[in-house]
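Student: Protein chains in written order, with this note's numbering: chain V, 1 to 295; chain H, 1 to 253.
Hints listed in this document are in silico derivations from the structure and should not be mistaken for laboratory results. The structure presented is a predicted model; accordingly, all values stated were derived computationally and were not measured. Just so you know, not all the hints are guaranteed correct.
In silico SDA-like pairs for lysine to any residue, Cα to Cα no more than 20 Å straight-line [as the list claims (entries may be wrong)]:
#1 V:Lys28 - H:Ala48
#2 V:Lys33 - H:Tyr120
#3 V:Lys28 - H:Glu195
#4 V:Lys86 - H:Ser2
#5 V:Lys86 - H:Glu195
#6 V:Lys33 - H:Leu194
#7 V:Lys86 - H:Ala6
Each chain, written out:
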Amino acid sequence: MTTSYEPAFPGTQAASVELPPRAGLGLKTGHFKQVLGSRPDIGFFEVHAENYMVDGGPFHHFLGLIREQYPLSLHGVGLSIGTEGKLDATHLLRLAELIERYQPQAFSEHLAWSSHGPVFLNDLLPLAYDAPTLDRVCAHIGQVQDTLKRPMLLENPATYLAFQRSTLDETDFISEVIRRTGCGLLLDVNNLYVSCINHQRDPLAYLDALPLQAVGEIHLAGFAEDSDSLGDRLLIDDHGAPIDLAVLALYRQALERVGPVATLIERDNQVPAFNVLLAEAHQADALLLSAGRST
Amino acid sequence: MSSQAAFTAALLDIRQPCPEGLCSANGADPASRFAVYRNNVQGSLINALADAYPVVRQLVGDEFFRAMAAVHVQTSAPHSPLMSGYGADLADFIEGFEPASSLPYLADVARLERLRTVAYHAADAHPLGHEQIAAALADPQSLDGLCITLHPSTHLLDSAFAVVAIWAAHQTDMTLAEIDPNQGQCALVLRNGLEVEVFSLDRGAFTFIRNVHNGQPLGQALACAPTFDIAQTLALLISHVAIIRLHHDKVLP
Chain V
1 MTTSYEPAFP
11 GTQAASVELP
21 PRAGLGLKTG
31 HFKQVLGSRP
41 DIGFFEVHAE
51 NYMVDGGPFH
61 HFLGLIREQY
71 PLSLHGVGLS
81 IGTEGKLDAT
91 HLLRLAELIE
101 RYQPQAFSEH
111 LAWSSHGPVF
121 LNDLLPLAYD
131 APTLDRVCAH
141 IGQVQDTLKR
151 PMLLENPATY
161 LAFQRSTLDE
171 TDFISEVIRR
181 TGCGLLLDVN
191 NLYVSCINHQ
201 RDPLAYLDAL
211 PLQAVGEIHL
221 AGFAEDSDSL
231 GDRLLIDDHG
241 APIDLAVLAL
251 YRQALERVGP
261 VATLIERDNQ
271 VPAFNVLLAE
281 AHQADALLLS
291 AGRST
Chain H
1 MSSQAAFTAA
11 LLDIRQPCPE
21 GLCSANGADP
31 ASRFAVYRNN
41 VQGSLINALA
51 DAYPVVRQLV
61 GDEFFRAMAA
71 VHVQTSAPHS
81 PLMSGYGADL
91 ADFIEGFEPA
101 SSLPYLADVA
111 RLERLRTVAY
121 HAADAHPLGH
131 EQIAAALADP
141 QSLDGLCITL
151 HPSTHLLDSA
161 FAVVAIWAAH
171 QTDMTLAEID
181 PNQGQCALVL
191 RNGLEVEVFS
201 LDRGAFTFIR
211 NVHNGQPLGQ
221 ALACAPTFDI
231 AQTLALLISH
241 VAIIRLHHDK
251 VLP
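Only chain H is shown next, with the shape it has when bound in the complex:
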């Protein structure tokens, strides 16, 4: 095994002994100095996860979170120097992490926090002006074939739990006492200017936006969604500058 391979293995697996071939000028046990690197690596990765998942951390407490993150670090070290992407799979890990099973909504809260990070760093795009949108929507004849391109920061999450309410309660002094965590919620995440916003949608609006986001023209997106208030949903997308392009699907004869 190469020197850096042995170093890497011993940094990540705290049960392994200090690598061979190391020394200290004062004759101190190299293990006591290797421990600094191990603490740096473990600590920085756990801190990165703690910073990326503040609500998950609050839900389980700092001590539990750090212990859980330490287990995740052992099995999922970063594979890129771009640390903004680290922890993208934490939600899947939480789902299988038995000690957290008493909080069944925890994995979906992690998914929502991850989508917020992704939205924060998503590509920039110029929103379409209100006049252009109004003009495109004014012609009822062509509405069915109209396709909407949403801002690159737009993401959706369909949860069996009250993820938006749980997340929102942690942005204020609200307590979880007023929330039924088993009341499923559909979340819309987008970046409006420099701020990431989170909305709870009803099932129909969620399905419609998902269909539109997948490239379906308005007519089809509407027909495949349960009943909802289309005017209110479009108004939400327009007022939060989520629409960046409108175009007509080429219908083949």
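In isolation and in its complexed conformation, chain V is listed as follows:
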């Protein structure tokens, strides 16, 4: 399948303005040479923006060559959109430079915070869903979109606990942010499933409560399992396993509602051989193709 796979969709040139409605893969440094050598049939690649905020060297060398041949999604993990303080203006400018250099088809960030004062915690931390947080998140997204001169995609989070002072459902919070700022939604189906299990919500009801017309990209990944003090399932979004069957089933439901849309297979831990990831991407491509036929 990996060698005989036929390109199923038109418009996958590196120069197009939107991500193609196909499966993409996170670009791993260990796969640079294999990607350039074998030119796999993949809809797009995604990279973490912060990894490429370096002066020069192999990262820029290989991303430049790969960008010439594939559409690119730039995914931020360090902007701290939900921070109580101000956005890091220096970091935002670095982001603008990276976007200018690589002209990605999409830029996305998380509904989360990761910095407090000078400290960067290297994790995506949860927010209270109340009116002051809503105002702050909207102001920060406005600042990002004004600086980058393009709309961004906001990713729904995977969370493990909630705040007593929250007054809004997560889906209402996200809907209001999208309504006010005009940003798009990066629908992370794994995060959705993880959060729904952790917070005893019905995943399909959660999906239907999101503003699905704003979906610009989908993420799929695997999770790890733990348990809390009551012995209940506690799912952890670790990007370290193949996509769970429950997440794939939810993905089909999402495609039925939104039609084919660019879908990233995320894998950041226990990264397997490139061909294993490619097989997961082709599995998603098959679902995207049938979603395209039925819409």
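Please build the complex by placing chain H on the supplied structure of chain V, with the hints as guidance.
Tutor: Positioned in the frame of chain V, the structure of chain H alone reads:
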């Protein structure tokens, strides 16, 4: 204290209790769920250090390294979302970390590994062609005033220990048995194309390259260095494409 300030403090200091104001839909103790965030933060920062210092990790073993890194994380959380810079001060920390004092060379091995990371991500620069270099070196009259600009990835490390040999032994199956760790070495680190390279230099060559790198013209750089093989040293810099510019110092009358 703000909510995120309390969250941050409790994430970094594992002795602190779970922050207040948190809850779980099923009524579980929020502390059992806050622990996931704490593990994520601690684990990801320790992993970042382990990835950046593979030889230090091999020298002390994984368990010791992770315990040492956990102490470092407590006192030195990242101050930037650019994780490639995290752990830049690990060598200084190791120097004062008493449980590692039986390996006095460990801090300098960390310094060498850090320089390799810095060189890997350093700015790109076009090397000067061999013909241009040959032409500039052909005129003995002007050699004394010639200044050499080295590639931005070029770094030097003067160590009282055999850092290059110790580092190199971990790139192959060699053992440390054949190395005298107290035999001081001078290291040159540079990126040649896409590969970072490490060389051991004698004292004279090291001093000469350091002087050149600091902007001294050849004559002065040479005069201030102990005896060494200048032809061999220049050949090393040329063959590893470390020379990006040659120019004459303006001598004031």
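Student: Hints first: check each against the structure and report whether it holds.
Tutor: To see whether the hints hold, each was checked on the structure:
1. V:Lys28 - H:Ala48: holds, 16 Å
2. V:Lys33 - H:Tyr120: Distance ~17 Å between Lys33 of chain V and Tyr120 of chain H Cα, so the pair holds.
3. V:Lys28 - H:Glu195: Within the cut-off at roughly 18 Å; holds.
4. V:Lys86 - H:Ser2: Holds, because 14 Å separates the two Cα atoms, which is no more than 20 Å.
5. V:Lys86 - H:Glu195: violated, 39 Å
6. V:Lys33 - H:Leu194: holds, 12 Å
7. V:Lys86 - H:Ala6: holds, 18 Å
Consistency with the previously given hints fails for number 5 only.
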